[in-house]
Amino acid sequence: MLFNSFQFFVFFSTFLVLYFSTPRGARPVLLLIASYIFYAGWRPSFLILLLFTTFVDYFSALAIDTAKSAVVRRAALFTSLTINFGLLGTFKYLDFLLSNIVGAAGFFGVELPPLALNLILPVGISFYTFQSVGYTLDVYNRRFPAERNLLYYAVYVAFFPQLVAGPIERASHMIAQYKAQRPTSPERIATGLWLVGWGLFKKMCIADIAAPFVNGVFTNPTSFNGSYTFIAVFLFALQIYCDFSGYSDIAIGIARIMGIDLMINFRQPYFATSLTDFWRRWHISLSTWFRDYLYVPLGGNRTTRPAWVRNMLVVFGVSGLWHGANWTFLIWGLWHGTALVLEDVVRRSRRLSPVAAAVGAAPAPLTATNVSSAGLAGAAAGLVYTLAAVLIGWVFFRARSFHDAIYILKSWTHFGPVSYGTFKILGLSSVELLLLVSHIIVLVIVDGLIANRPGLLRSARAGWILPMFGALVLFYDIMLFGAFGSNDFIYFQF
Amino acid sequence: MLDTRVKDWTTEPHGAAVELTYSTLWRTFGVFLILAAAIWLSLYAISKSFPFVQNGATAIAEEKQILALNPHMFAPGDKIRVIAFGNSKTLAGFRPSVFSSQVGSESSAENLAIPGDSRFLDLLETALTHGAAPTHVFLQTLPLPEDEADRSQSPWNYFLDNKKMVKLLFPFRPFIRDAIIFAFESRSAGSLTAQYRSNASQIEKMREERGYYFIKSQSHYAGDRLPDGYSLPTDTPNKVATRNVDTNDPYFQRLMRLADQYDFQIVLIPTAYRPGEFAEAPPIDAESVKALKSFPRVHVVGPAYWIYDLAEFSDPVHLNMHGAERYSKQLAALFQGQIAARR
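Chains as they are written, first to last, in the working numbering: chain V, 1 to 494; chain D, 1 to 343.
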């Protein structure tokens, strides 16, 4: 059941009526039932895995919390991690591993038959596994006590707005909210609805309109010259942002309507003026997960320089593989890790070298306060550099193979002519192009306001007439120009 | 430590603004619903009032419904009565007047192709039940419905299909897009009124041409012909295109039932591609012949496609009038040679 479907609209409307007419104490039960129905909508058998993960981590955490001996605590943690990562590895990485074993054997002259289990990847498994593992680790590290009530824990794992594509939440943030059952407010309902509308706009009016062109070029990139591949990569950058941040906005919005806060997942990442800044704005819930549960335990930056470089590459390499079982994802992660290390080297050299210091400090984030011409030029240069680095990364992320990615990068040395006919055949006719460009302009303006003039937006919603007209425009824009169909969110595949 | 808790433009306090109350929220919501309904009614009324603002595809589809309802589609003396179905390639390729003049005086043809939609059984059934009695039904491809939901019109399947649902709830959805195109095209026509009249006359012309329609709106090339050397990155000049024939498909079986019930033959005809779009096709579409050999009412004639000159295409996909004339003549010759002889 996709957020951008009429089925979800009916499901959520029915759920809300039941939710608000149920006594507060019973709401978690309803929430859990609704979450399981929502998840079973994809494939009922997936529910078994979700239940299994829930039970394993619930009892593991209890064992960790109540155990007197360190050995038992470690054994319980080990059990939880083995089962969680074992399941994730089996469903997500086993075929990749097997195909590489066959390939490596072939390289050494040993012919093996193709080995593949072809298991269907349960939707959202990477998200709920990480959320559940995060909880067990928190309990083990005594950052959070084990939850005694299975109901609250099950809701924490299965909460339907963020179950299949995040944000990856923390138990310390969520379980208290399920227990408190804080009443919602008109403010929450209004802003929640706005977030849902804005998320749908990003998904249906930008991401899904750009998707056919992007898919067409990436399916067979060698048929296209550099102009097409560049446009496709640029559109993919917008598509993945609008798709994923759109999903997060909808998730945060529908949770907020119920009176539950989810963490923010994106902060206008393409306004970042360095890659370090970008990673503070992109998929924040995953970045912070890796920071807290992998980077810091590895030693973080409180270690030697070589160890820190290793930590960065490990974290970003694993983050790349988290997205999918393909070498291209690993390269994407390592590309970002390496670039961040280099960025740090440059930053340090600026501090050490008087010549470099004279050239200027690292660009400050582009904000309303950063309006001096020197600051603006530095920020603009940082923005262009970051965008270029991110676009190169997206080539590896989206390409079907390493070979395709290299072809695309090479094609940028020669930009050939483009024809309207090709755009049309790839799904961008004149009207679609016009709509896409208009919607991108709206996105840039609104994201720019959110990043730099949030006060303007807040004051704009002080009354009721302006927000209502805004909602009308948004509603009809989505209904008249949005892409309807069965367009999955990109991050479901991860 | 990076603060990831909820602090964003929607939640942070907004200074001296008045706090939102439930009464304000419900009032806003009520006004929203009233205005949304008013806009819905206005757009619906406008879309119905200006039928020739809608894009060619929609106008053609509506007109084809009217043509299918005509019990006098064929004259009593017509011995060979052909209806061609298909998508925009058939629409812009098959000229009934040229075809029937080639086949002979006792023949008549109608083009009931609809752009963007090669599924045709409802339209065929409408024509059959309203008195049209074709002897031959021409198809470029055999019907391949996209999915199960397409085959069933049950409310549940409707509900599961977001495209159908939005079409049902906002029937004027294409109208706004059409109006944008209409406004663009009106620049060349001189005015909005002139463009409206032009659209109306094109539909009238299609009626006179028995359903054939030249898709001028998609031709952006001088003389309505593709320039020399034209190609697209999606072309596969070394690949032979094939037609997928699925005789187990319920849609195909429904077509067979209709053919038995109303006694007509089905003819799988070639389509036309640009040079380089695909490799040359074998002279006989052997795979389709093999797949259909146990269905005596279905005849496969000629290759799966012909390759025509670039000058015979008005855009990357569709034939221009010159190309359509050649195609219809070639089809008539093929038909006479293989089908008429069998009769």
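A hint or two may mislead.
Unchecked claim - EDC-like cross-link-like pairs, simulated, lysine to aspartate or glutamate; straight-line CA separation at most 16 Å:
hint, chain 1, residue 1, chain 2, residue 2
1, D, Lys216, D, Glu280
2, D, Lys167, V, Asp477
3, D, Lys293, D, Asp246
4, D, Lys205, D, Glu312
5, V, Lys179, V, Asp261
6, V, Lys424, D, Asp235
Treat the hints as calculated values from the structure; they're not laboratory data.
Please read all numbers here as calculations on a predicted model, not as lab measurements.
Structure-based check of each hint:
{"no.": "1", "hint": "Lys216(D) to Glu280(D)", "in the structure": "violated, 27 Å"}
{"no.": "2", "hint": "Lys167(D) to Asp477(V)", "in the structure": "holds, 15 Å"}
{"no.": "3", "hint": "Lys293(D) to Asp246(D)", "in the structure": "holds, 13 Å"}
{"no.": "4", "hint": "Lys205(D) to Glu312(D)", "in the structure": "violated, 21 Å"}
{"no.": "5", "hint": "Lys179(V) to Asp261(V)", "in the structure": "holds, 13 Å"}
{"no.": "6", "hint": "Lys424(V) to Asp235(D)", "in the structure": "holds, 14 Å"}
Comparing the model with each numbered hint stated earlier shows that hints 1 and 4 do not hold.
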